[in-house]
Amino acid sequence: MSAIDNQALAWLRIQSERELDADERSHLDAWLAEDTRHKGAYIRATVINNALAQAVSQHELYPGEDRYALRTDASESTGGNRRALLKYGAWAAGIGLLGVGVSLNVTERQTTLATSRGEFRRVALADTSVASINSSSRLEVRLTRDKRQITLVKGEAWFEVAKDKTKPFVVEAGDVRVRAVGTAFGVRRFKDGAEVLVTEGTVEVWTGNAKALLTAGQRSFVPYRTAQITVARQPQEIQRKLAWREGKLIFTRQTLGEAVADFNRYSAKKIIISDPALESKRIFGQYQIDAAEQFAKDIGAYLDVPIEVSIESIVIGAQDGPRKNSI
Amino acid sequence: MNQDIINWLTVHLLPFEAEFRARLRRVCTSAADVDDVIQEVYCKVMQMNDVAHVNDPRGYFVQIAKNLITDRLRRDAVVNIDVMANLGELDIQDDMPGPERIVFGRAELRWVMGLIGKLPDRCREVFRARRIYGLSLKETADSLGVTEKAVEYESAKGMELISEMMKRQGAHDIPPSMKVRKMNKAGKTHVSDR
Numbered sequence: 001m002s003a004i005d006n007q008a009l010a011w012l013r014i015q016s017e018r019e020l021d022a023d024e025r026s027h028l029d030a031w032l033a034e035d036t037r038h039k040g041a042y043i044r045a046t047v048i049n050n051a052l053a054q055a056v057s058q059h060e061l062y063p064g065e066d067r068y069a070l071r072t073d074a075s076e077s078t079g080g081n082r083r084a085l086l087k088y089g090a091w092a093a094g095i096g097l098l099g100v101g102v103s104l105n106v107t108e109r110q111t112t113l114a115t116s117r118g119e120f121r122r123v124a125l126a127d128t129s130v131a132s133i134n135s136s137s138r139l140e141v142r143l144t145r146d147k148r149q150i151t152l153v154k155g156e157a158w159f160e161v162a163k164d165k166t167k168p169f170v171v172e173a174g175d176v177r178v179r180a181v182g183t184a185f186g187v188r189r190f191k192d193g194a195e196v197l198v199t200e201g202t203v204e205v206w207t208g209n210a211k212a213l214l215t216a217g218q219r220s221f222v223p224y225r226t227a228q229i230t231v232a233r234q235p236q237e238i239q240r241k242l243a244w245r246e247g248k249l250i251f252t253r254q255t256l257g258e259a260v261a262d263f264n265r266y267s268a269k270k271i272i273i274s275d276p277a278l279e280s281k282r283i284f285g286q287y288q289i290d291a292a293e294q295f296a297k298d299i300g301a302y303l304d305v306p307i308e309v310s311i312e313s314i315v316i317g318a319q320d321g322p323r324k325n326s327i
Numbered sequence: 001m002n003q004d005i006i007n008w009l010t011v012h013l014l015p016f017e018a019e020f021r022a023r024l025r026r027v028c029t030s031a032a033d034v035d036d037v038i039q040e041v042y043c044k045v046m047q048m049n050d051v052a053h054v055n056d057p058r059g060y061f062v063q064i065a066k067n068l069i070t071d072r073l074r075r076d077a078v079v080n081i082d083v084m085a086n087l088g089e090l091d092i093q094d095d096m097p098g099p100e101r102i103v104f105g106r107a108e109l110r111w112v113m114g115l116i117g118k119l120p121d122r123c124r125e126v127f128r129a130r131r132i133y134g135l136s137l138k139e140t141a142d143s144l145g146v147t148e149k150a151v152e153y154e155s156a157k158g159m160e161l162i163s164e165m166m167k168r169q170g171a172h173d174i175p176p177s178m179k180v181r182k183m184n185k186a187g188k189t190h191v192s193d194r
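Protein chains in written order, with the working numbering: chain A, 1 to 327; chain B, 1 to 194.
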């Protein structure tokens, strides 16, 4: 056991729970300045913490059980993984090299990339940036001599931007603009604004005269023509929101209403909550994005409410009228 | 701290640390020396502005370690022939694929989850409650029927144990048949874990 490593881990643990006060901050700074080994151990602790956060954000959880009844079997994460991996394979097979503006003579060319409901695409752009496109989305890509311009017509995408200082990479979502040099970030367009999630590096976001810089781990919902952009630091929430890249939906205390809306983004078969009182129930869990039925069944068992599956919908909660295909 | 570099270290150095330490043990005289070298490697990498140009991360870490050790030998003004000769042992045949995206791969995720699974029961329960289920200190204490102090103690211990395990068991120590193979160009991925 290394005492220095353990001291560093202790600092990290406190910081992962709350902000340090001024006194603690100066203690930590002094400790770090004392010895490069302290600094190294602290960086290592940060890396371990990062690894745990990443692993946990993709871990399988089950809503069909009481959140206090914590599972203790060590092997649970392998259950159902085969399907996840197969899905990953299918996803990977979808990576296509799209020759956007391959010819040297072409100075401007527009390419439209679209996905239908339940479809995902990962597309390498000609500048070697990669766009992961979520379900029901549409992007217009224009790569020119001096800039890389993406218009998010609808939906959501996550971009891993190839570094090129001479050509800013700008994503337009309604009135919101996001500019990056070499970084990775997600943009989702809503009716009344756009959400920006930064996973690496820094991006600049603006709409009208309002401007903000977002760094890795920060998230912002930017209403169109807002006067001020508010930014929140929520790395775990960003990982959760971007779980679609792995074909998953993750819920960590979201309401049933929110979870159902998420599933409905991907599936033609709508989930309907018949009893509004259920909508505010908080749930935990992780599902394959196309497992709406399984999700509904688990919720039925968890909340002890009936579930009805028909060709066009899945109804959660008691329903008036004729019953069909009751399960 | 630069999150890009933290992510890069998470993908490249942390999973390699156990193997790296095993090699360092042949060169260094004590366990404390190994800790020192590893800490300094983390520190050195963090001082860089950019890691994008590093094509062979493991070879790079080894080079930093070699430099540190030779500096030390010079400083001590003792030329230890054995150590000098042994420095060659640090070299590795890097069979890892080239620069990868900064995304924590499945093998690493499985590795980290496996380490969490090895924690003692109480430790693991606290870990799950706090980090997976996102319960507060108080909620965790209530649900497990222990004091908040005990929860804090267990979380501290959990981190220490994970850190120690990472010194001994790397992500690539799992038998080859358990590994998820890298995707080939056609995008097919094959899983052979069952």
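Treat the hints as calculated values from the structure; they're not laboratory data. This structure is a prediction, so every number in the text was calculated from the model and none was measured. Be a bit skeptical, because a hint or two may be false.
[What the hints assert, rightly or not] Simulated coverage check for chain B against chain A, where a stretch passes if three residues somewhere in it have a Cβ under 8 Å from a Cβ of chain A:
1) 36-44
2) 54-66
3) 119-133
4) 157-171
[Unchecked claim] Residues from chain A that keep clear of chain B, each with C-beta distances beyond 12 Å, as calculated:
5) Leu9
6) Asp23
7) Arg25
Positions of the beta carbon are idealized from the N, C-alpha and C atoms, including for glycine.
Hints not upheld, ascending by number: 2, 5
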